[in-house]
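The primary structure of each chain is shown beneath.
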Amino acid sequence: DAGITQSPRHKVTETGTPVTLRCHQTENHRYMYWYRQDPGHGLRLIHYSYGVKDTDKGEVSDGYSVSRSKTEDFLLTLESATSSQTSVYFCAIRDQTGVNSPLHFGNGTRLTVT
Amino acid sequence: SQQGEEDPQALSIQEGENATMNCSYKTSINNLQWYRQNSGRGLVHLILIRSNEREKHSGRLRVTLDTSKKSSSLLITASRAADTASYFCATNSGYSTLTFGKGTMLLVSP
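Chains as they are written, first to last, in this note's numbering: chain H, 1 to 114; chain A, 115 to 224.
For lysine to any residue, the following SDA-like pairs were computed, each having C-alpha atoms within a straight-line distance of at most 25 Å:
#1 H:K70 <-> A:S210
#2 H:K11 <-> A:S153
#3 H:K53 <-> A:S210
Negatives, chain H to chain A, calculated, CB over 10 Å:
#4 P18
#5 R22
#6 S61
#7 S65
#8 E72
#9 T82
#10 Q85
#11 T86
Since the hints were derived computationally from the structure, they do not count as laboratory data.
Computed from a predicted model, the values in this text were never measured in an experiment.
For glycine and all other residues, C-beta sits at the position ideal for the given N, C-alpha and C.
Pulled out of the complex, with its shape left as it was, chain A reads as follows (with noise of 0.2 Å):
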């Protein structure tokens, strides 16, 4: 079953623009994790926040965790066309593994 659910399913925005896509979860976390993906590509880890951490940055990236309502959600400002990719979370429950959610697909149109 999907511990992480991002949303929205689809985004598409200009460039120049800001990207802001939330992800929810069910159980107790470790760590939730971003990765992108691009057309045909394996994912690529951009960010990893830890459950006792609130907000994250990372150039143009900016994450949030509240723990209370089990969510997260990824900024991306000043979105470029490269920026267009699918976005996943992925949750680590304290064990090997990660659960990834469905993820949200972005289209940053010039």
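Same shape as in the complex, but just chain H (with noise of 0.2 Å):
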């Protein structure tokens, strides 16, 4: 799995309350992606990083905010869980050599709002 681990891999929260989802990778790459995965959308981007500090929304960032501190961690929040944010979220890396480089994938994250 190309060195990402994302926790908590399972994780029930109550509709209001902030959630913290982490990626960490051994890879030292530059790039790190927050996806959401639901049935009928497929996978859709929240939020992405290019270095430490340097973050940029995607397409679906509302409620979300991330925060990467460290080249290895990159943190996503859910400043107030809502119903519609019950998903599977994945975290991606991808090397700095180009636009042409693949994304690796971590084992996702299954997240319910109750």
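Both chains are sitting in their own frames, so use the hints and assemble them into the complex.
Here it is, written out as structure tokens:
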């Protein structure tokens, strides 16, 4: 799994609570991404990072924030979880060799918001 | 919005048969990539084809790209039960991000 660890693997939380998901990599890759996967929608990009403290929004960023204080860690925070954020969240990394390098994915975090 | 759209949504074949899935996209691209996802796991990169390439092979995989039609196909030859998975195309349009389609679910029966 290309040295990517997502934690927790499963989480159940209540509406309105903050939630933080963690992605940790051991590859020293520059780019890190958070996607969510939902039936009928495929994978949609939430946020991504192109370096320490450098992040940008993706297609579905509302209600999410991210932080990257170290190369190896990329945190995704749901500021106030809603039921529509029930999903499987995937972290991915990519090295800095250019746009023709592939993504490597973690095994996901299944989040349920009740 | 989705850039790539796979077709069919689901495909069921017997072991030994070939499986073909298609991807259409909307804007110009730098490259197109195919990924596989086994149930409960993350996506795994299979093959990348650049916009100036028309065909690429990797083992039992053959990918074609037609930029004039904005479409790509993935052919898996001599399918095995272990090929059962969802397959996604993803496009890179020159930026740091990939845009994924909704996927094709492939079931290969013994």
